[in-house]
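Residue strings, one per chain:
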Amino acid sequence: MDKLNRVLLVDDYDADNFLHEMLFEELDCTHEVATALNGQEALDYLTSAVDGAYPKPELICLDINMPVMNGWEFLRAYEKLDEKFRGGVVLMMVTTSLNPDDKSAADGCPVINDYISKPLTHERLIELLDQHFPGRFDFG
Amino acid sequence: MKKPGISTRLAVLVTAIVVVTASILSTLIISRLNTLLIDAAAGELERESQMRANRFTSKVDELVRDTLLVASVPPVQGYIRAWQHAGVDPQDGTSAQVWRQRMQVILSGVIRNKPEYLQVRFIGMADGGRELVRVDRRRLGDDWRAVEPDNLQKKADRPYVQQALKLKAGQVYLSEITLNREFGRIQQPPLPMLRAATPVRDSNGALFGVIVINLAVAPRLEESGQNTSLEHRYYVVNQRGQYLVHPDPEQAFAFEYGSARTADQDFQAYSTLMSDEQAVVSETFSAKRRVVSARRVPIGAQDSGRWISMIVVDEFDDITGVARTLVSQVAIIIAVLVIVAVLIGLWLSRAITRPIEQLADAVRDLQLENAELRIPEGLPAEAGELAAALDTAISALRWRTEQLEANNRELEQFAYIASHDLQEPVRTISSYTALLSERYGDHLDERGRKSLVFVSNACGRMHALIHGLLEYSRLGKQAKPALVNFNQMMEGVQADLESAIVARQASLDVPDLPTLCVMEVEMRMLFQNLIGNAIKFARPGVSPQIWIEAQPDGPIWQFSVSDNGLGIAPEYRDKVFMIFQRLQNRKDYDGTGIGLAHCRKVVEMHGGKIWIEDGRDGGTKFVFRIAELDPLGYEDEE
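Just so you know, the protein sequences line up as chains P and B, in that order.
No gaps in the numbering here: position 94 of the first sequence is 94 in our numbering, and each next residue is one more.
No gaps in the numbering here: position 171 of the second sequence is 171 in our numbering, and each next residue is one more.
If we strip away everything but chain B, and leave its shape as in the complex, we get (with noise of 0.2 Å):
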């Protein structure tokens, strides 16, 4: 399994580091940004809140200011007065009727003026607390009318009446925020209300009656003093957290129509929110984030117990709509950041690989015997430095080589000369005795001649001893690598060991072969051998069967020859191969015994390696490995 390249390296830790180092900077900034747009919104919330909560509260001050000033007019004192007196002011003489008229214009004068007023009266006790001057309208928008006479109602059992009464000068109640009735039915559509009464008491201090104002709180409590950009929920509760107001209509005022609900079913910081005039949390509520911000605003006296809460929501989600849209936008910058880095990733390994790969290069296309190593230019340090070791490196090896190759130039030389002469007296001693034997035989007596002949044999065998030694150094030296087709030398071989193969009855069973690139004589001389073993060591009276195998593995071929001869025992298939070895008597079988060195050599020339294993039924198999060689690789020997 190859280790990934330098590119592929360098890529992907530049791609890393640049994803890493993103995500985790945009991971931090965008969380920060978070935070600070929820505390932003916080602080938009509570001006919000702060901001609806006043305008409320001016409403109703302006509402108290209204009561009480109302409750001050002349025409409230002139019509005690007159009442008290049988319907005529002591003062002046002024009749009920006319304070009464009086007092109608000013309240319809302020109901007239202020459009948020639903019924501005005069009530007083006596006679149940009939309405003594009444100007109302039904809705808000409106016109303003003036109550006949004969339509004024009795309202001492109103809780307001009551209240009020009870107050002192200058105190005014302000009722619960409730949605107006009509009838004892609520006034459809729903009129929230909020009424505010004052006591009115005459000169000595006797109480009278009321003035009671009745607002329409919905424009204040609903509309928004300011304009957001961000949508905010805003809901209002009284101090029983029922709603008032409510994103959801139907859930305000609710409780009117006998719902239970209350806010601290929806709030989770409930009690937090409402435990302080004002407050802001962040709630993490059902899975849902948000800010929420609460400002209550007292209704009346600070210890009447009556309070109204502007609460403003904003999710989180909303809020941080920015950042997430900031999210999407870093992301396609992260991912041209990451393609930009990925190509200055490539574009820097590759200038540094692309000086190795020529380097890588240059040693392929490097022969031994050409000139030097060809260093590319522009090598980082460290490959300069594997080029300057790879050049020493081959400078070495080429010395060696060329010593190696002068030393056995001179082995060869020193083979060839040495047998060539060792020739030469070999043959003049057989032709000698040639001589003697043929001209002077009859000289001799028998053991005479049987000398002569001993010597003469002797020489035979040194001669032929001397002749192997030649051919053997000889090896190869005029081979050039060509393509041989072994089939078509297995035919030759077959043809030169034909009278062999009739003689002994010999089987040769060759499959198909393939035609590679080797030196044609050896190669031919090798199977010759082989096969010439195979026949002349087989066992007596046994046919020789002789099987070829040929099978490729990688750029490597592995030959085989087997036979059911007489076999190798294992302790000689080393020894075999070494020259002048004979396993034999040499009176049974003839021959040199260089022929399987001769083998060895041939296989070594061509790269290879060649051993013995069992053949069958007991017989040899001579197994050689060889790879093709490189026609261009050699030079003509002279």
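Looking at chain P on its own, in the form it has when it is part of the complex (with noise of 0.2 Å):
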């Protein structure tokens, strides 16, 4: 199993950033999990070297609706950022309704490579890892 490097999770509610934490250790897919309680946040670590190493993590969950900077406005900079800085695959999560104006808006954002729903589960993450990094994970 080739566990990812890391990933990051953008969301300022400590509940869902538990319980993302919880799943992702039960699943032992990933060497580290490093949150981020807004999208400033979220930029400060991916441009902050940490033994001489950007973070680039494999993985970025990011939430919508966050103080200080907001999902939108991260994804903006994010964009912007020099390929050194960037992570991997970028998952957006939206809340359950699936409001129709988010999607809309999701689909033409090019960095986003899919949106999730909130709460992950143990199912859909599976299934999440084995879409975006196929063959990587044996999850019986």
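Don't read these hints as lab results, they were simulated from the structure.
Cβ atoms here follow ideal geometry from the backbone N, Cα and C, with glycine treated the same way.
Please note: incorrect hints may appear among the correct ones.
[To be verified] Computed spacing ranges between beta-carbons, pair by pair:
#1 P/54 / B/418: 33 to 43 Å
#2 P/15 / B/446: 26 to 36 Å
#3 B/503 / P/14: 41 to 51 Å
#4 B/512 / P/26: 58 to 68 Å
#5 B/418 / P/27: 28 to 38 Å
#6 B/417 / P/26: 28 to 38 Å
#7 P/14 / B/418: 17 to 27 Å
#8 P/126 / B/541: 44 to 54 Å
#9 B/517 / P/3: 50 to 60 Å
Both chains are sitting in their own frames, so use the hints and assemble them into the complex.
Below you can see the structure in the form of structure tokens.
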């Protein structure tokens, strides 16, 4: 199994982060789970070198409604980021009602690879990993 | 029933005024004209009857003078003297014969010079009133002749002779006007005649004889003295009312042939006409009206009791012929005036109504979102006020509408945000409850696990409620009305409800449905909700049967969805449309109770109403009316 180097969760809601963190750990599919509470924190994280290397998470899960800098604003800044800061797959987390306004906006943005409904479930996470990182995992 | 427009009323009014005014005026004028014409005619008639009377009188006077003249010529006395003296005049020895001859010469002269005299005679009393000298002519226009002594007749019995003998010298007897007779028979052709006779006396005053002159009066009676432009009817009657002259020739002197007809039978005002020397009356006689002028001419002495009356008649119709011509001319003028008036009226009303119609168009074209009302030019004062008032009202409406729209947006936003933000904590509770249940359920006893189940269920319901609320608030926001074929839509609904239909063995009776411009998604949801409900709330053990009906009513369409299901009690038929209201236990029939509130909102978005009536076999019948939407009236919501 080829674990992801790291996963970045961008969400201001600690309850969601706690749950998602737990899911990733249970699947044991990543070496590290990092969290940022808003878009700005996420940018800071991405552009801060640790031990001389930028984090460049292979998976970013992005919430929309956040203070300081929300999901859309983050994406606009993320697009302008140099390649060396950017991560891998970007998943947008939308609420269960899948607001048509958000959906159409998501379809228009090239950076977003997929969108997922909150809350993430065990089964859904497996689906996503198989879909976006094919062959890397074998969850049986 | 539409009230007649301004154009019609104005045109009718103007026409009526013109017609009434013209009619009144022309009636007044024409009646006045008729009166004037009749008065003028009366004057004319008077003059004519006067004229005729004068001509007759002058002739009669001439006759009288001639008679007296003849009576006074010397041969008369000469003859008398000679006759009295054995045939020889003692004065100068002239014989009676010669005196007679001289007399004849004189009489011949008279008759020669007077073509209207038929006879001039010298009659002596002796020998049975034998004519002594006679000159005559048989008819008017004939040559005169002197009658031979052998043919002289005896005339002593003649009334004119006898009457004349009663007179004093200088008096002349005038007879009645009668037809001349020969040997007892009326001479043909008829010859009206008047005799004048005067007595002749000798120097001692003893009666000797008479001088008689016969006058043919026809010319003097009949010829008219003046030219008149109107046709008058002319009569002459004697003092007994007998016709001497009549427009119908057979009536003239009819009394000589035995007719008893008199003028009082023909003239309504006969007594009036004959009472005075002259009179003019207007007669209304047997529906024919005429003016009659009569002038009385005495014949002979005033107390002779003999007279004739010249009667001149003019029919009103003839008199007023001018007026009638005028009437037809006036009628043409009135007709022309009416047409002109109508045209003017129409033009006038057009001038008034056109700006009003423009104003109406401007209001019709008005979209509340658009710029101001285009007030047309040239509005009359009252319409201008109307336009100004409309403008103010529309501005107020627009302001209000903007306010309401802002309010609505705010509410929608509020609903959206509220439900959005409500979802998150609910979701968290749900997730963690699931987590607890899965990971730590074993650590709990039965009650603990059951508690978690209740929490989880409650979360589920809350989630569904919020979802429904969100949907409700978002109804119609994105919809742009489009032409929807309801038949196709129904097929889609049936497809969506397929599993439920099959499961309950439901049957659907759908007629041919129209194609209308509506909000597609919402309309579909409406039908799906109603039909879905009908299936869901069927009687246990009874296959649900559903009937759809569609009926146009002008621009509105009325639909109904009837079922044979459980039915809804009348007291709840308003309540069910309120959001979140449920009539059944939540355990037995799932559903959040939002559906009918959705349905009502969709119906109201189409300008309609929805209500409940009795269905079949105690079921329910949902009836709703909708109007097509204007696809241009909606902007895209972002």
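Subject >> Unmet hints by their number, sorted upward, for this structure >> reply: none
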